[in-house]
Amino acid sequence: MHYVILGNGAAGMEAALALRARDAEGRITLVSDEHDHFFSRPALMYVFAGQTSLRDTEPHDRGLYDRMRFERKSGRVASVDAPGHALVFEGGSRLGYDRLLLAVGSKGRRAPWPGSEGPGLHYFVTLRDLEALDREATKGRRAAVLGGGLIGVEVAEVLHDRGLHVSFVIREGWYFPVALDRNEATLVAEHVRAHGVDVRLGATVDSVRRGDDGRIHSVRLAGGDEVAADLVVSAIGVVPNTAFLAKSAVTLAPNGAIETDEALRTLAPDVWAAGDCANVTWFDGSRRPEQLWYTARDQGRLAALSMLGDDVAYRRGTWYNSAKFFDMEYTTVGHVPASIGPDGEPVVPPPELRIWFQRVPGRFESQRIVVEGDRVVGFTLLGSRWNHEPLLDWIHERRSLDWVLGHLKDAQFDEEFSRRFRVVAGAGVV
Amino acid sequence: MQSGLMNTYQHAASRRAWVAWTLSAFLFLAYVLLYFGPVPALGLRFDLLQRTAEAVGAALGLPPVFHSKWILYGTVYTLAMVVGGAFVLRRHGNSRYQLVRTATVVSVQVVFAFLLPIVLQVFGRHEYYFTYFWPLKIEYFYPSVILRHPFLMISWSFLGSLVAFPLLAFFLGKRFYCSWVCGCGGLANTFGEPFRHLSSKSTRAWSVEKVSVHSVLFLALVTTAIVWVNWAVGKEHPGFAAFAFRLQDWYGFAIGAMFSGVLGVGLYPLMGTRVWCRFGCPMAALLGLVQKLGRFRITVKKDMCISCGNCSTYCEMGIDVRQYAMANQTFTRAACVGCGMCAHVCPRGVLKLENAPIRWKAGQPIRVYAVDL
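Protein sequences appear in the order of chains A and B.
In terms of the numbering used here, the first sequence is residues 1 to 430.
In terms of the numbering used here, the second sequence is residues 431 to 803.
It is worth saying that the hints were derived from the structure and are not from the lab.
There may be inaccurate statements among the hints.
[Claimed, not checked] With a straight-line cut-off of 25 Å between C-alpha atoms, the simulated DMTMM-like cross-links for lysine to aspartate or glutamate are:
id: 1; chain 1: B; residue 1: K722; chain 2: A; residue 2: E416
id: 2; chain 1: A; residue 1: K324; chain 2: A; residue 2: D134
id: 3; chain 1: B; residue 1: K631; chain 2: A; residue 2: E58
id: 4; chain 1: A; residue 1: K409; chain 2: B; residue 2: E784
id: 5; chain 1: B; residue 1: K631; chain 2: A; residue 2: D66
[Claimed, not checked] Residues from chain B that face chain A, not an exhaustive set, calculated with beta carbons under 7 Å:
id: 6; residue: M431
id: 7; residue: M436
id: 8; residue: T438
id: 9; residue: Y439
id: 10; residue: R526
id: 11; residue: Y527
id: 12; residue: V530
id: 13; residue: K731
id: 14; residue: K732
id: 15; residue: D733
id: 16; residue: M734
id: 17; residue: S737
id: 18; residue: G739
id: 19; residue: T743
id: 20; residue: G779
id: 21; residue: K782
As the structure is a computational prediction, the values presented were derived from the model and not from experiment.
Ideal Cβ positions, reconstructed from N, Cα and C, are used throughout, including at glycine.
Construct the entire structure; sequences and hints are all you get.
Given below as structure tokens:
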């Protein structure tokens, strides 16, 4: 049996390991055009920051491929010949497979503004993106980071640390509206501004302006304001890296992701998909990719079991995630209503939800607890660390707000000697 | 991100560039001069540091007791820790654990390892370091040293080594000493901060470490025992006495001077700051064994690790913390000195140093990543 995994990322590596754990004999080939060794994609930001080396971001020792007898093939795949059971590379060479896993991940959503095409416009998703930006991000230059999400805030932080003058341009009225409410976003914006970054809220980009030599000199905003910039980083989300599948038997959904069934099979025979490139069913019934590290690993492992012939079904658990905005820790667990939908349109929170909120005075710290009826259904916690496991338990145990507030300090995960959680004056349901 | 650590890989001194090699050579030379005085092989026929100390002492009009290269060394060492401590707090002062720990280890150095020994000497007493204990300070269990000091200090030494240290290591982990009190750890965690990521994380280094550090511990126990036997029966067995003397001397040279001093500090810019603590210190080995049985642990939050490697990179003891974090495995490693940097630099807050009894019992794992390798 020859298993071919297209993509050497989190989903692909996890699948390869799970395949090898069960099939000692099968031939397993990992195909990538990005890097010979599996590395942690979220960690590319720390390489950019100079905080780690690229080698530091490799989760496994380099002997793993030999020990596991994983073959590697470096090259760019042009298409999948599903009826012929083969990958077709640019240049025409082919690699046959018995079972194929597509774990091709994401790429940066293309900047849609006039003037975007050309030098000086960057993304931050792949190793190539990192290399290109690393060359240009030199001290004293001016950078505009477009897009108020997790990549945007991290790129802004690193560019600022590298001595660039950074403008952080956010289309919406507040930062990260898919996850944060106005209070929280205000807190984050204050924190980011306190570090010296020029945060522009409610700023729609009109065009990227270039001089006669083709070099970027500014970003024009709707309304006519200009943000001076020598380079631009477009961080407006990611899209599935699936363009090469357009003419294949692997069916793509309108959002560009690969359609899968609950066992992560695609519509083409003997082809599976996992990770950022695959549509799965969310809690609200919608079909979207889950662009998270731990779900990529989950899906990779499940796809491997499915490829081995197990009768499995991918079920998304209760949502949780964490991140960091400059020095501010961020944890979210459960159902927290978004302020904008996946389509970018504003969302009115359902009336049955009540929100308990507090901001800790004098600190960049807040807690938001979402309550439905008399049970807690979600948390957004900023500025301190939390263990999501008890929080998930409490949601599943249908705990009340009073009970949760009484026990919340037990879930705190900050370093020793840190300030303990307490309810402050002015806290309450808003 | 952890603002203090950004650019680490852009600084020449922190990535084994020529600055690092030069600094390493300088540290080697300084320690050789300190421990061995005149080095005819290097064309040095007099004790350069002692002469310097005398010249400085005379120039400042200090009493003769201060005209010592060891006091000069103590001053430079303590100064390096104070300046390094300030540097660490600028980087990591946003962590209260790092704040309290750094303030403690620097204060302990200034008061107990610098001022107090000098005061003792000024008053005509033997110098004594209240924060160093057998088997790190092996001579504090030698009969000749015991007979020289008052009963109070000897009780302090014995109670510390045999009662207090095992108990503290059991309840708090060896960090209570290695990264809160000890001067070797103190220098590593202050002056050595820019080099902490240079420790090797390979499994090979781990294997070497286990053999090496426990061999030194064994050697320390054997040396202590032989020195005692010699004290009891050496007069009747001159051959044994000569052997015991040579062993004691050799231990002082090879372990005390070469390993902990010349190599331990000299290799800071090339192999990280804990070469001695990790591969050589008998106290670290002993406390590590207690730690394995004790309460201290690094708790891992389930399924939140993004495998970025910051924890492993900044582990000065070369522990590949990421492997545990990826596998959702709460763990205790004998080597861990509890500096807390893995928890501090983790961008997803996955790790937590703990020694309290387990309060919140986890239910079933949400997922198990364990794929047997």
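Results of checking the hints against the structure:
no., hint, result
1, K722/B / E416/A, "20 Å, holds"
2, K324/A / D134/A, "21 Å, holds"
3, K631/B / E58/A, "12 Å, holds"
4, K409/A / E784/B, "15 Å, holds"
5, K631/B / D66/A, "19 Å, holds"
6, M431, "6 Å, holds"
7, M436, "4 Å, holds"
8, T438, "6 Å, holds"
9, Y439, "5 Å, holds"
10, R526, "4 Å, holds"
11, Y527, "4 Å, holds"
12, V530, "5 Å, holds"
13, K731, "5 Å, holds"
14, K732, "6 Å, holds"
15, D733, "5 Å, holds"
16, M734, "6 Å, holds"
17, S737, "4 Å, holds"
18, G739, "5 Å, holds"
19, T743, "5 Å, holds"
20, G779, "4 Å, holds"
21, K782, "5 Å, holds"
When each numbered hint is compared with the structure, no violation occurs for any of them.
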